[in-house]
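**Student:** Under the working numbering, the first residue of the sequence shown carries the number 1, and numbering increases by one thereafter.
Just so you know, the hints here were simulated from the structure itself, not pulled from any lab data. Treat the hints with care, since some could be wrong.
With a Cα cut of at most 27 Å, we get these calculated DSSO-like pairs of lysine-lysine [unchecked claim]: (1) K372 - K248; (2) K338 - K311; (3) K338 - K52; (4) K385 - K372; (5) K248 - K341; (6) K268 - K372; (7) K248 - K227; (8) K385 - K341; (9) K445 - K311; (10) K227 - K268; (11) K311 - K372; (12) K385 - K445; (13) K227 - K341; (14) K311 - K268; (15) K385 - K248.
Okay, the calculated beta carbon distance ranges per label pair [what the hints assert, rightly or not]: (16) D460 - A164: 47 to 53 Å; (17) P264 - E139: 36 to 42 Å; (18) S14 - F336: 23 to 29 Å.
Beta carbons: idealized from backbone N, C-alpha and C, even for Gly.
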Amino acid sequence: RTLSQAIDPRHIESLSGTEADISNGSYLRLKEQLGAIASAHSRCRFLYLLGKQNDGTLYFIADNVPIGRADEAPAGMPYGDAPPGFPLVFENNQPITEGPYSDRWGSFVSALVPIHSIESHRLIAAFGMDFDARTWQWEVAAQTAPLLTLLALMLILGWTSLRAYLSCAVPSPRLVTGRLLAPLSLLVLVLLACPLLLLLHLNRQHMANRFEAQTDRVIRELDVDLKNQAAGLAMAIAPMAEDSSLVKALRLRDATAIETECTPIFQKLRAEHRLTRLTFLDPDRICLFRGHDPEQRGDLIDHPIVLDSEKTGQTAFGTEIGPLGTLVLRVAQPIFSKGQKIGYIELGKEIDDVLSSLQNRTGVDLVLILSKRQVDRTGWEAGMKQLHQDALWDRMPEEVISYSSGKTLSDSFIQAVLPALRHPDPGQIVLIDGRQFRLSSAPVKDANGAILATLLIKSDVSTENTNFR
């Protein structure tokens with residue numbers, strides 16, 4: 001259910017459900033996305049999207065298998081031997097689990113979740129995940145084996161003790177009781193200690209595995225969200241790149257005409273998509289107009305994203321540290337007229353709304369930390385004021401907090417975070433303001449793989465630990 005939220009329904013709606021989809025960009029995007037999700041989940045055998053025809057036949061929309069491989073389910077292929085529970089997703093509009101079952105690809109345990117249209121909310125597809133049934137059964141056996149072994153040990157020890165007691169020929173009951181008291185007491189302690197220690201171990205292992213999966217999910221979904229946002233920004237550039245008046249003004253390098261045409265567009269994009277940057281550049285990357293700062297123009301733009309777009313001649317996107325010391329998602333696209341490059345359009349926005357949405361979905365607190373060497377203090381403090389975040393430069397010796405999903409960050413939090421940054425230890429538990437938190441960190445990289453910031457993932461485990469105790 002969580003992974004299905006990363007699938008953009010608009011890509012599915014743009015497909016025909018036939019072999020013709022193979023050349024559709026949305027189909028290739030879905031294949032790439034499903035492949036990326038599958039690579040992050042080693043236990044998952046197949047990921048796919050199913051559709052349902054009017055006659056009730058299920059068919060494959062896309063799957064994670066590379067095009068042309070023998071075990072691929074091509075676009076539009078009917079799923080003739082689908083398990084009987086699969087159609088229930090479309091009939092009841094509810095998630096289902098099914099299995100173990102067998103089809104032409106093997107034996108599986110599967111989960112399917114409905115996907116709905118954003119606009120009409122109608123059911124348009126089902127997102128499925130297959131797990132190998134043999135692996136599934138072995139995992140079940142592995143989880144039950146320690147408890148079954150302990151139970152068998154308890155029965156053997158109890159039976160042995162009973163036999164020893166009954167076979168004792170000492171005539172005085174008190175002498176027998178005194179002789180057996182010590183070993184029986186030790187046996188009781190062992191029988192009590194073993195399950196408690198095992199339960200403690202299993203609980204720690206469960207929480208560690210859950211937090212690791214939670215951390216992987218945050219990292220994976222952040223990458224998907226940024227790519228989806230970049231795709232949205234690229235779609236916003238398309239109408240401007242096709243506007244004849246804008247193209248003419250850009251070709252003539254007429255900054256006044258560009259400002260007249262683009263000011264209302266920028267205001268609309270800022271209101272609807274939280275866009276914070278719109279820049280028009282000439283072919284030499286000289287700024288002609290900034291929607292967010294119209295008075296500043298004429299400077300050379302050397303953002304890595306623009307340089308990448310200049311090098312490839314195609315749309316480029318990536319995350320960078322902006323002039324205000326915040327992480328900015330940028331998209332740059334070259335503009336052509338009659339086969340000649342006449343300039344570039346660059347859009348950008350802070351990623352705080354992406355992090356906020358991710359925090360709401362995953363239920364963990366997210367803190368974005370930058371090195372002071374990468375930011376200018378004056379610009380950073382102005383950026384924090386603009387984003388309504390605390391701008392306390394001196395709270396940490398070498399880092400600054402660019403974003404936090406919490407309203408305030410206490411001194412005890414800062415003191416707990418510093419060791420975690422200096423010596424990362426995945427899943428470590430720290431005490432902050434009387435509550436226990438698991439901490440983990442992940443690097444945030446730019447388009448070239450250089451580390452821009454550290455994303456700290458913080459999960460409150462106090463309630464779980466209290467309930468367990």
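**Student:** Hint by hint, say whether it matches the structure.
**Tutor:** Quick rundown of the hints versus the structure:
Between K372 and K248 the alpha-carbon distance is near 43 Å, which puts this suggested pair outside the 27 Å criterion. A hinted pair counts as satisfied when its Cα atoms are at most 27 Å apart, and K338 with K311 qualifies at roughly 20 Å. Restraint check for K338 and K52: not satisfied, since their Cα atoms lie roughly 44 Å apart, outside the 27 Å limit. The straight-line distance between the Cα atoms of K385 and K372 is roughly 17 Å, inside the 27 Å bound, and the hint therefore holds.
Proposed proximity of K248 and K341 is supported: the alpha carbons are some 12 Å apart, at most 27 Å. Distance hint between K268 and K372 is unfulfilled; the C-alpha atoms sit about 34 Å from each other, more than 27 Å. Taken as a hint, the K248 and K227 pair is broken in the structure, with Cα atoms around 30 Å apart against an allowance of 27 Å. Proposed proximity of K385 and K341 is contradicted: the alpha carbons are some 38 Å apart, above 27 Å.
Between the alpha carbons of K445 and K311 the distance comes to roughly 20 Å, so the proposed pair stays at or under 27 Å and holds. At most 27 Å may separate the alpha-carbon atoms for a hinted pair to count; K227 and K268 meet this at roughly 22 Å. The hinted pair formed by K311 and K372 fails the criterion: a straight-line CA distance of about 31 Å is larger than 27 Å. Of the supplied pair hints, the one linking K385 and K445 holds, its CA atoms being roughly 25 Å apart against a limit of 27 Å.
Restraint check for K227 and K341: the C-alpha separation of about 26 Å stays at or below 27 Å, so the hint holds. Proximity of K311 to K268 is assessed by CA-CA distance (about 31 Å); at most 27 Å being required, the pair is judged violated. Of the supplied pair hints, the one linking K385 and K248 is violated, its CA atoms being roughly 38 Å apart against a limit of 27 Å. Between D460 and A164 the beta carbon distance is about 50 Å. The supplied range of 47 to 53 Å therefore holds.
With their beta carbons about 58 Å apart, P264 and E139 fall outside the hinted range of 36 to 42 Å. Checking the proposed 23 to 29 Å range against S14 and F336 shows it holds: the Cβ atoms sit about 25 Å from each other.
Going through the hint list in order, the structure does not satisfy hints 1, 3, 6, 7, 8, 11, 14, 15, 17.
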